[in-house]
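Please take these sequences and the hints and turn them into a complete structure.
Here the protein sequences come in this chain order: A, B, C and D. Anchor point for the first sequence: position 10 equals 10 in our numbering, and the numbering is continuous, going up by one each time. Anchor point for the second sequence: position 200 equals 200 in our numbering, and the numbering is continuous, going up by one each time. Anchor point for the third sequence: position 66 equals 66 in our numbering, and the numbering is continuous, going up by one each time. Anchor point for the fourth sequence: position 75 equals 75 in our numbering, and the numbering is continuous, going up by one each time.
Check before you lean on any hint, since a few could be wrong.
Chain C is nowhere near these chain A residues, computed Cβ spacing over 10 Å in every case [unchecked claim]:
#1 ARG171
#2 LEU198
#3 ALA199
#4 PRO365
#5 GLN399
Straight line, CA to CA, 25 Å or less: simulated DSS-like cross-link-like pairs of lysine-lysine [what the hints assert, rightly or not]:
#6 D:LYS315 with B:LYS168
#7 A:LYS364 with C:LYS315
#8 A:LYS168 with C:LYS315
#9 A:LYS391 with B:LYS391
#10 D:LYS391 with C:LYS391
#11 D:LYS315 with B:LYS315
#12 C:LYS364 with A:LYS315
#13 A:LYS315 with C:LYS168
#14 C:LYS315 with A:LYS315
#15 D:LYS249 with D:LYS197
#16 B:LYS364 with D:LYS315
#17 B:LYS315 with D:LYS364
#18 D:LYS245 with D:LYS197
#19 B:LYS315 with D:LYS168
Don't read these hints as lab results, they were simulated from the structure. Note that this is a predicted model, so its numbers are computed, not measured. For glycine and all other residues, C-beta sits at the position ideal for the given N, C-alpha and C.
One letter stands for each residue in the lines below.
Protein chains: 4
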Amino acid sequence: MKKPAAKRPTSSSPGKVREFPIALLGQKFMGKAHSNAWSQVARFFDLPLEPVMHTVAARDAAELTAFARRWGWRNACADWRQIAQLDEVRLVDIGTPNHLHKEQALCMLQAGKHVACEKPLAATLDEARVMHEAALAARRKGQQTFVWFNYRRVPAIGLAWRLLREGKLGRVRHVRAHYLQEWGGPQTPMSWRFEKKLAGSGAHGDLNAHIVDLARFLVGEEIECVHGAVARTFIQSRAAPAGTKSARKRCDVDDSLLFCASFEGGATASFEASRLAIGHQNDNSIEINAEHGSLRFGFEDMNLLWLADGDGRGKTDGFRRIMCTTAGQHPWVEAWWPSAHLLGYEHGFVNMAADMLRQLAGKKPEIPLPDFEDAYQTQRVLEAALQSARKGASVRLDQVR
Amino acid sequence: MKKPAAKRPTSSSPGKVREFPIALLGQKFMGKAHSNAWSQVARFFDLPLEPVMHTVAARDAAELTAFARRWGWRNACADWRQIAQLDEVRLVDIGTPNHLHKEQALCMLQAGKHVACEKPLAATLDEARVMHEAALAARRKGQQTFVWFNYRRVPAIGLAWRLLREGKLGRVRHVRAHYLQEWGGPQTPMSWRFEKKLAGSGAHGDLNAHIVDLARFLVGEEIECVHGAVARTFIQSRAAPAGTKSARKRCDVDDSLLFCASFEGGATASFEASRLAIGHQNDNSIEINAEHGSLRFGFEDMNLLWLADGDGRGKTDGFRRIMCTTAGQHPWVEAWWPSAHLLGYEHGFVNMAADMLRQLAGKKPEIPLPDFEDAYQTQRVLEAALQSARKGASVRLDQVR
Amino acid sequence: MKKPAAKRPTSSSPGKVREFPIALLGQKFMGKAHSNAWSQVARFFDLPLEPVMHTVAARDAAELTAFARRWGWRNACADWRQIAQLDEVRLVDIGTPNHLHKEQALCMLQAGKHVACEKPLAATLDEARVMHEAALAARRKGQQTFVWFNYRRVPAIGLAWRLLREGKLGRVRHVRAHYLQEWGGPQTPMSWRFEKKLAGSGAHGDLNAHIVDLARFLVGEEIECVHGAVARTFIQSRAAPAGTKSARKRCDVDDSLLFCASFEGGATASFEASRLAIGHQNDNSIEINAEHGSLRFGFEDMNLLWLADGDGRGKTDGFRRIMCTTAGQHPWVEAWWPSAHLLGYEHGFVNMAADMLRQLAGKKPEIPLPDFEDAYQTQRVLEAALQSARKGASVRLDQVR
Amino acid sequence: MKKPAAKRPTSSSPGKVREFPIALLGQKFMGKAHSNAWSQVARFFDLPLEPVMHTVAARDAAELTAFARRWGWRNACADWRQIAQLDEVRLVDIGTPNHLHKEQALCMLQAGKHVACEKPLAATLDEARVMHEAALAARRKGQQTFVWFNYRRVPAIGLAWRLLREGKLGRVRHVRAHYLQEWGGPQTPMSWRFEKKLAGSGAHGDLNAHIVDLARFLVGEEIECVHGAVARTFIQSRAAPAGTKSARKRCDVDDSLLFCASFEGGATASFEASRLAIGHQNDNSIEINAEHGSLRFGFEDMNLLWLADGDGRGKTDGFRRIMCTTAGQHPWVEAWWPSAHLLGYEHGFVNMAADMLRQLAGKKPEIPLPDFEDAYQTQRVLEAALQSARKGASVRLDQVR
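This is the structure:
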């Protein structure tokens, strides 16, 4: 019997794989998802850098101790600014609420760190622009930025991207995307998510951000024009949160927002986000109709991609149900289980962590990772939709900066 | 052995059921569908009026003789105007191309006939308005008008209408409708459908007409505003029709048109029609999200309605697959076969013929039939969408007449 | 204006198409389905023989008059034996309960008629054998027999048959078939269907008959052995029928019967029929796994066929949803509506009537029609399953005659 | 900034949660799945025992070092028998090939360890019986046994179990289960899986084991009789494994095996396993029809359960699609992500590890864990099916020990 490694059994032998210390800001839902990604990634992927879970920072110190222990962060601190001083930390991962992203990202870029930020990039377009510019400046010094648009790393989306890039499907003509949830009914009490000054917007920034990113990513073009938009706040006040005694609170963000748009190459698109679509729990769905075929994806059946590549005149044309768990279908499949052993929600984060570490080691992954510039473009589209809803008119993207 | 009836075995005994002579204009696709409806309706339904297939009129006399024989029309004539002179004819059924509807309907209303017209009501809003006004005038003389929006008589839509009218689902918040087909690719040669002066518009008038009607019918409200629209002609020229020698022809109608809208009560809506959506053959689909539940229908699975009526917090909430073939589910089900014996496309026409004959006998059917006024409202929405696409701005329906 | 034909507008011109007089026995569910088939067939199909609805026979004379009028039968009679005397009648169509089939078929074959009989061929294997032998004798005199296994004429099944015959899918390895309904719970009162002396068996003869026929038809081989079977009568007594005063009645037929079998070529098969499968209304489903592909069909989505023809290692392999309404897919599609306009339950009967009339005119249809011999083979399989359930042992088909 | 814990940041504070050292035998597919379960379980669940990954044993020492490092096993050894000597190890987890299970389990039970064993319990019924008896003896000394039937811990199965135990669905009448895969075609080279002396059986022991366990578990009764079975070896020889030079090899295990059975309470059942069902990748499916409702599950859509609980006469009866990711639906849901964030294959193992640790701490989980006795009962059913296939006759379970 022998001990495989003196102290840190999960590390690989020194000399081969460089250690790569990471810090995380935030310990809520995204803190958990990112911690899981950093702790799982080296178990399933062979990587050129070994992620070291160096320090986690968050406000609630009591909670934080337990969190750090649970997830294996070596250090914990209640003041995120201290992270900037830690020379050995290479990547700072921001999983805090949207209104903190700008300050934190700027501080860490300033300190010479690589930065990975949760989506949406920022609460407003102005903040996003500043972040994008800071990222450009940092890029010249070799720093990289990432935005956690995790759905790009879902297996079925990886296959869809490959099929579209191969070119056999031809030019895209239509995109139809919606992100529908049902939790936002009147029985749901007030929270920061319904308050504009904290959340920026409602379903729009939360959900349309994902599908606008997915559409731009899959089509491989920018959106040129928003042709019209409607926003609605159906539930205009809510009970105060459980445990608090105050009166009902006013909600000032959208419950839903939908809009029509078009891409540079002429494809039309529709986007809709809602928290009031009963029967849809986490229904992030997109369909693309191209010249020679169509693709359809829905996150509630996230291991499936549907492809129609005939023209309807063949004897056996029709949408095909592809289970995206087979070797060769997408870049991450071999890391996991044998064919047809399904993946779940958190695997997208782990896949993304793997691609980030590879890119940080100089190996650009096959499927592009979103950076601050990319996320800024998505934010411009969201802003154009807000303006279009306000004005009752089309808004060209070249008017939105 | 005895003969059941001297001459016309399909007629019921005189004295009980009045004969009701009908004339048909047109012998193409819709001529066939309407002829089938008039010949099947008395076999499956018990009716207060017995439809008599009196005369069919169409231009191609040679073809017409065979058509009349095949379908049991007692008379045939090549000049549709003669129908106006036939005193005994009570209802004239117009199944001709759109640009003929106005002249034919006006002539027949003038002659005192009830008129049933194929959708869309007319090629332009101006024509539709004139027809609507003529129908109003005729109504004062006791004449009725109908428009063949046959999808209102699909079983699943009948059940959806009932569920919405019962009120348990509450107010509608979102409508999402699309009508997608795939036949319009570049390999399809030129035809009247791609020429504006003959067809009025492309996918918009053909397909959006159906889903705008369905949405108005199910929601039970009028659309108040079109918030933005995009139209596209992707295939700008086509080969001349087979058998002709001319050069390629220019197409000047839309291949697709999508738009956002809102209803009087505040519900948002999106509509999209396309002939270039590979994998969709006749995909007329609508989903409605209301306060307390959602409904989903797609014509490619026309015997099914999907209903979600929990709020997602119950242990067994979710969309339910309802096969709409059970006694009591909708007004037409008992006329056909035992439970779970599916119906098809043409049954909507037969169901509609039954309801028309009942209404003509003074018995208003439970589920409302579309008349010229109703179809004119749909046409106003279509026009508003065209204007919105042209202007790049919202168009309020009260500005469109 | 001109009259298309003096008396019978539905007939084609004499000299071209021979009239072909038909008589029908029965006026219940199957009487209605067959009447519809004979009245619709010449409207949708171009046929070498014109079906003439000559006479219908059934016991209840009052009801019969209305039935004959409604469906256009020229004559009606209460004594089915008189039909044998009608020289002009060429084909006798038997739509009566199972226990009458033998006597009626033998009488009509004796009288020189062609005979079409509802399924199952007979109540017992002994009766079926006698009928089969009578059909063989009559065949030598040029008489034809048919059995209304209508599911063979569902579009998706037509396409499945073609795909299997083309040979690309290779040898069949597995068949999995079930026919599940839900109406047979304890709340359903007594009827002849639950009484052995009237019905022969329960779900087995009613439902397994269909799927055994479909399996034999699609595989193109005979079943060689039944390897084991289980029959169950879960509801052992039922309330007397509504309107009668008697006590509860004992049920002595199976509510469900399932069995394993194998085909001559080695393929394995399972069959299950039940009237107690909640959520399944008319779920006649079959899946076939062959060497190079699989096919799946369910009658509740009867316009769809699912085909998987990769081997799971291709990047886009998977089951494909084929809407079976496209020109060229199956022999009946062009008779009906344009692509993607769905067909329903009764269309299988109309398609079968068309193929019968063609075969009677000497034109063998592409897809074989079941005759008495064919139905006798199905009945042997049903009998083998009953014996296997009784004995608790395998039963080879060569032991069952 | 402070360090959350001196050495082992993932451990909870001493005094509260006892450490619980575990050893693992095996480093292949199941070694990976079990290692992941032990490393993830304390991150997502709050547990009374803290799993310590003490030692992993496997033959290939070179491979083992990397494996241990990757997964965080503190020690590694090439001789599994040494584990028995490690006093501190409390639970031995056996993830080796089937033919090793008996010797390893007996050795570890002898040494006073709790034992968790991969399924199937053993290669033969004789071995399984001996293991069951050893477990009974060990139980008297307080030792527990477990068998990794991981599908019992899939969320949708947890909900199904609860719904069946609540009793509203009534008695079970039918079970229909199949486990179909497609990888076993002739292009797949020889491996131990096709050799009887190594694998025991083919698809039967590998796949039917899972669905027989699931059926017994969900129904909550034992199987009483196997009524007939068919086994087939379609591919009788295969190419030698890549890299070896020998001639083709004979395969002597089943490619598929199907059988009919019945439960003590009278419910009928069918089971089918195949590796030759194209289009099915990992299709472990089960449907249960009970008196008042039906449940349906398929592993390829593992986050969904389908429930039909009407009787088909209600206006909105039908199968309901339940996404099993909502708080309260099953015992493991709160440990993971918010509603509707899907789980994957490996989560069943983590859920099972959590329940084992709770039971080892004396807190019996709501949903029962399979032990050696339970797995022995499953093995008796598999043996009965093999005997039935051989004999061509029913086999009662009371004849199989």
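Checking one constraint from the list: CA of LYS168 of chain A to CA of LYS315 of chain C, max 25 Å. Satisfied? 14 Å, holds
Pair hint outcome, LYS315 of chain D versus LYS168 of chain B [Cα-Cα no greater than 25 Å]: 14 Å, holds
Are LYS315 of chain A and LYS168 of chain C close enough, with their CA atoms no more than 25 Å apart? 14 Å, holds
Can you confirm whether the C-alpha distance between LYS315 of chain D and LYS315 of chain B stays at or below 25 Å? Given that 25 Å is the threshold and the Cα spacing comes to 21 Å, the pair holds.
Checking one constraint from the list: CA of LYS364 of chain C to CA of LYS315 of chain A, max 25 Å. Satisfied? Since the Cα atoms of LYS364 of chain C and LYS315 of chain A sit roughly 23 Å apart, the hinted pair holds (cutoff 25 Å).
May I ask you to check that LEU198 of chain A keeps its beta-carbon over 10 Å from the closest beta-carbon of chain C? 44 Å, holds
Is the straight-line distance between the alpha-carbon of LYS315 of chain B and that of LYS168 of chain D 25 Å or less? This hinted pair holds, its Cα atoms lying about 14 Å apart.
Straight-line Cα separation of LYS315 of chain C and LYS315 of chain A no greater than 25 Å? 21 Å, holds
Between LYS364 of chain B and LYS315 of chain D, is the straight-line Cα distance small enough, at 25 Å or below? 23 Å, holds
Satisfaction of hint between LYS391 of chain B and LYS391 of chain A, Cα-Cα up to 25 Å: 13 Å, holds
Restraint status (C-alpha distance of LYS245 of chain D to LYS197 of chain D at most 25 Å): 22 Å, holds
Check the hint pairing LYS249 of chain D with LYS197 of chain D against an upper bound of 25 Å on the C-alpha distance. Holds - the C-alpha atoms of LYS197 of chain D and LYS249 of chain D are around 14 Å apart, at most 25 Å.
In summary, this structure violates none of the numbered hints.
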